[in-house]
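S.K.: Chains as they are written, first to last, in my numbering: chain A, 1 to 421; chain B, 1 to 421.
Calculated from the structure, these hints are not laboratory results.
Check each hint, because a few of them may be wrong.
No copy labels: a pair is met if it fits in one copy or bridges any two.
[Claimed, not checked] Below, in silico cross-link-like pairs of lysine to aspartate or glutamate (EDC-like), each with a Cα-Cα straight-line distance of 20 Å or less:
hint: 1; residue 1: K135; residue 2: D416
hint: 2; residue 1: K36; residue 2: E12
hint: 3; residue 1: K79; residue 2: D416
hint: 4; residue 1: K248; residue 2: E129
hint: 5; residue 1: K79; residue 2: D234
hint: 6; residue 1: K157; residue 2: E179
hint: 7; residue 1: K36; residue 2: D4
Number of protein chains: 2
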Amino acid sequence: MKDDAFEALTVETLPARLSAIPEIATRVGGAPSGWKVREVGDGNLNLVFIVEGAKETVIVKQALPYVRLVGDSWPLPLKRSFFEYHALTRQQARAPGTVPALHYFDETQALIVMEFLSPHIILRRALIEGRQLPKIGRDLGLFMARTLFRGSDLSMKASERKADLALFADNVELCDITENLVFSDPYFEAPMNRHTPGLDGLVKELRADRDLKVAAQRMKHAFATRAETLVHGDLHSGSVMVTDDETKVIDPEFAFYGPMAFDVGMLLANYWMAYFAQRGHEGDESRNAMRAYLLGVVDETWHVFRDEFARLWRTERNGILYQAALYEDQDDGLAAEQALNHVIHDLWTDMLGFAGIEMHRRILGLAHNADFEEIADETLHATCEAAALKFGRHVTVNRNTIQSLAELDALAQALDQRKLS
Amino acid sequence: MKDDAFEALTVETLPARLSAIPEIATRVGGAPSGWKVREVGDGNLNLVFIVEGAKETVIVKQALPYVRLVGDSWPLPLKRSFFEYHALTRQQARAPGTVPALHYFDETQALIVMEFLSPHIILRRALIEGRQLPKIGRDLGLFMARTLFRGSDLSMKASERKADLALFADNVELCDITENLVFSDPYFEAPMNRHTPGLDGLVKELRADRDLKVAAQRMKHAFATRAETLVHGDLHSGSVMVTDDETKVIDPEFAFYGPMAFDVGMLLANYWMAYFAQRGHEGDESRNAMRAYLLGVVDETWHVFRDEFARLWRTERNGILYQAALYEDQDDGLAAEQALNHVIHDLWTDMLGFAGIEMHRRILGLAHNADFEEIADETLHATCEAAALKFGRHVTVNRNTIQSLAELDALAQALDQRKLS
Numbered sequence: 001m002k003d004d005a006f007e008a009l010t011v012e013t014l015p016a017r018l019s020a021i022p023e024i025a026t027r028v029g030g031a032p033s034g035w036k037v038r039e040v041g042d043g044n045l046n047l048v049f050i051v052e053g054a055k056e057t058v059i060v061k062q063a064l065p066y067v068r069l070v071g072d073s074w075p076l077p078l079k080r081s082f083f084e085y086h087a088l089t090r091q092q093a094r095a096p097g098t099v100p101a102l103h104y105f106d107e108t109q110a111l112i113v114m115e116f117l118s119p120h121i122i123l124r125r126a127l128i129e130g131r132q133l134p135k136i137g138r139d140l141g142l143f144m145a146r147t148l149f150r151g152s153d154l155s156m157k158a159s160e161r162k163a164d165l166a167l168f169a170d171n172v173e174l175c176d177i178t179e180n181l182v183f184s185d186p187y188f189e190a191p192m193n194r195h196t197p198g199l200d201g202l203v204k205e206l207r208a209d210r211d212l213k214v215a216a217q218r219m220k221h222a223f224a225t226r227a228e229t230l231v232h233g234d235l236h237s238g239s240v241m242v243t244d245d246e247t248k249v250i251d252p253e254f255a256f257y258g259p260m261a262f263d264v265g266m267l268l269a270n271y272w273m274a275y276f277a278q279r280g281h282e283g284d285e286s287r288n289a290m291r292a293y294l295l296g297v298v299d300e301t302w303h304v305f306r307d308e309f310a311r312l313w314r315t316e317r318n319g320i321l322y323q324a325a326l327y328e329d330q331d332d333g334l335a336a337e338q339a340l341n342h343v344i345h346d347l348w349t350d351m352l353g354f355a356g357i358e359m360h361r362r363i364l365g366l367a368h369n370a371d372f373e374e375i376a377d378e379t380l381h382a383t384c385e386a387a388a389l390k391f392g393r394h395v396t397v398n399r400n401t402i403q404s405l406a407e408l409d410a411l412a413q414a415l416d417q418r419k420l421s
Numbered sequence: 001m002k003d004d005a006f007e008a009l010t011v012e013t014l015p016a017r018l019s020a021i022p023e024i025a026t027r028v029g030g031a032p033s034g035w036k037v038r039e040v041g042d043g044n045l046n047l048v049f050i051v052e053g054a055k056e057t058v059i060v061k062q063a064l065p066y067v068r069l070v071g072d073s074w075p076l077p078l079k080r081s082f083f084e085y086h087a088l089t090r091q092q093a094r095a096p097g098t099v100p101a102l103h104y105f106d107e108t109q110a111l112i113v114m115e116f117l118s119p120h121i122i123l124r125r126a127l128i129e130g131r132q133l134p135k136i137g138r139d140l141g142l143f144m145a146r147t148l149f150r151g152s153d154l155s156m157k158a159s160e161r162k163a164d165l166a167l168f169a170d171n172v173e174l175c176d177i178t179e180n181l182v183f184s185d186p187y188f189e190a191p192m193n194r195h196t197p198g199l200d201g202l203v204k205e206l207r208a209d210r211d212l213k214v215a216a217q218r219m220k221h222a223f224a225t226r227a228e229t230l231v232h233g234d235l236h237s238g239s240v241m242v243t244d245d246e247t248k249v250i251d252p253e254f255a256f257y258g259p260m261a262f263d264v265g266m267l268l269a270n271y272w273m274a275y276f277a278q279r280g281h282e283g284d285e286s287r288n289a290m291r292a293y294l295l296g297v298v299d300e301t302w303h304v305f306r307d308e309f310a311r312l313w314r315t316e317r318n319g320i321l322y323q324a325a326l327y328e329d330q331d332d333g334l335a336a337e338q339a340l341n342h343v344i345h346d347l348w349t350d351m352l353g354f355a356g357i358e359m360h361r362r363i364l365g366l367a368h369n370a371d372f373e374e375i376a377d378e379t380l381h382a383t384c385e386a387a388a389l390k391f392g393r394h395v396t397v398n399r400n401t402i403q404s405l406a407e408l409d410a411l412a413q414a415l416d417q418r419k420l421s
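Let the hints inform the model, and build the full structure from the sequences given.
M.R.: In structure tokens:
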């Protein structure tokens, strides 16, 4: 199959085509005619098949040469599959066990065969249902610290990092999506935008807010130019699969060398949005516990990330930055600790900047979150989103002066009580 | 010649080999046996020939697979010639007339044939001789604003910039030289360092200075990760050729995508060092005028750079950053002006950070400046360098709080009076 021209798989053609790959035929097991194949892609971009054989069930993910949701009027290159595959191999090496096991990759067919995760569900779905996952704060805090630290000049050989940077620099089209849909479109009347009726006044206010518009473009500037590490690039609660015991990160096709705090900000933004969506389930008493849980997850994620980053700084800092040789013979290591504090300060500031933007683009832009979309009452829907918009504005514009998550908890709680105005 | 394996040219072999290239044979003119060939490379890395024919004189620059100054114990890839050639073509397109005209490039032979500049001399030499060049402030301010702005996401198509970023990301070895020799070695007892006797106390103090060591590594972090634009990468007064009427920038083999203010900081640092070297010519009355001239050049360079950058921001901002569509319909353009102020603030801060480091590495590291080296009296030599070291420490550590060049003029003048202590 490898040398053929690209051809999209279907439920019907998949068994014959996949069974021509010996290692996959053996892994799945049994006669291909007996394989159960379902297409389950619920994302916007790709085909996703579950293939159940006599021995094993696997996932087959195939990119299409356009955005699936929109059709061939919006072309999107197949090479995103190449970047997804290479990002997965790097994440697996840097944070073992945090991504699905990879079985096979075919670049021409833009196809990845990987581990079928079961009984995992998408984290966003779990949070909407009010489930309190006990391990996500710790697991994703560690995932981010390890992948982001180990993919940077703090850890990698400079020549290897520069070669990798060049490789991922070709992921232009997916970066372009983020650059436009996340950082720009929400802040003016772009054609693909939409927002909930009832938000017109607030939307108008935000789009006239000079400080916000400048801050958003400052963050875009950082996104486009600061090639600090290999980021996942789309680390929201829809890119995480969970059980109570296990957390797996999927879908890194937006991966590129970008600012370290981008993934952190995007993930925390999605927890904050889940928090503001709780009010949409008014009357359900368990939702108060869910609110406390979500603020706790934000806190745990950040602190696990920060502490693991500091641990790696102290034990694995073998790259060209802040070299131990410069510091170790003096000051009992105080200079290296001072530098670490500066770096963490910047991560914090950037995280806040990116988080607010992510909250805005999910309410003002093209891609909305199910957390809010599934709130049936339109006024309640708008009320929840208004609180998130105001919170997002605050954290992005004031990112340089916000001191602690406790102060953001207080703001979130206050905004969560307000009427739509 | 193109398909042959690399072979270093000599004065003897050059005519026969170069005359095999029809466009060069025609350009130089006359019988190759009559060409006058001189080898004049006084830099550390390459061969440079002047070839004088019947019609035209040209420069032939050829890289060697090692550092010329050291020999083949320090290998350095020939591909630096490829980066030099491509940087020159981009500089020529972005700031026409500021670099030598290019006649021919042979990648395998690591060879560039270009315009012979006459009667130009190296700017550093001119400044040491006490010559006041009237046009350098304006010419180099414009050169930097135009090349740095037009090579960034403020101007280029994102896909073209990312492809170019990937191309130059392979310039690993020359970046590695800067990363080590500029940003790290000066701040600890690295093997290749040397400094003037008499500075031992101050050197020890600086290498124990925690704030300085942290600041230096913060700037290195910026250098290694912030791929903002195609920088020249080695823009000191030895990389500029001048007459009273013309200013040409040469030798961009260190070019890569880095922070916008790197070139600006390095250039201003070399003016400040020229200033502190004036005291080495004590007794020569004309040197007071030279001091005033040099501080004036710093001022003019910065302000021309800043004003031209602002002009390009207002008239050529066609890239993905701070898009006009976001701003133009509101506020009478105030948001775009506010963003410009933020960007210029960062350029200023970064410029100061890089300038101080450049001053340190020229006194504490491997590559020293003729400005200081040619001061015969050892105590005077050390006294001049001590003032530069203290000035460099101040601007790098206090880069976030320095408001104006006037305040730095006052500091420079005060340090210039001090005894060595």
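S.K.: For every hint, state whether the structure bears it out.
M.R.: So, going through the hints one by one against the coordinates:
no., hint, verdict
1, K135 to D416, "neither (26 Å within a copy, 62 Å between copies)"
2, K36 to E12, "within (10 Å within a copy, 76 Å between copies)"
3, K79 to D416, "neither (42 Å within a copy, 59 Å between copies)"
4, K248 to E129, "within (19 Å within a copy, 67 Å between copies)"
5, K79 to D234, "within (17 Å within a copy, 36 Å between copies)"
6, K157 to E179, "between (29 Å within a copy, 13 Å between copies)"
7, K36 to D4, "neither (25 Å within a copy, 59 Å between copies)"
Violated hints for the displayed structure, listed by number in ascending order: 1, 3 and 7.
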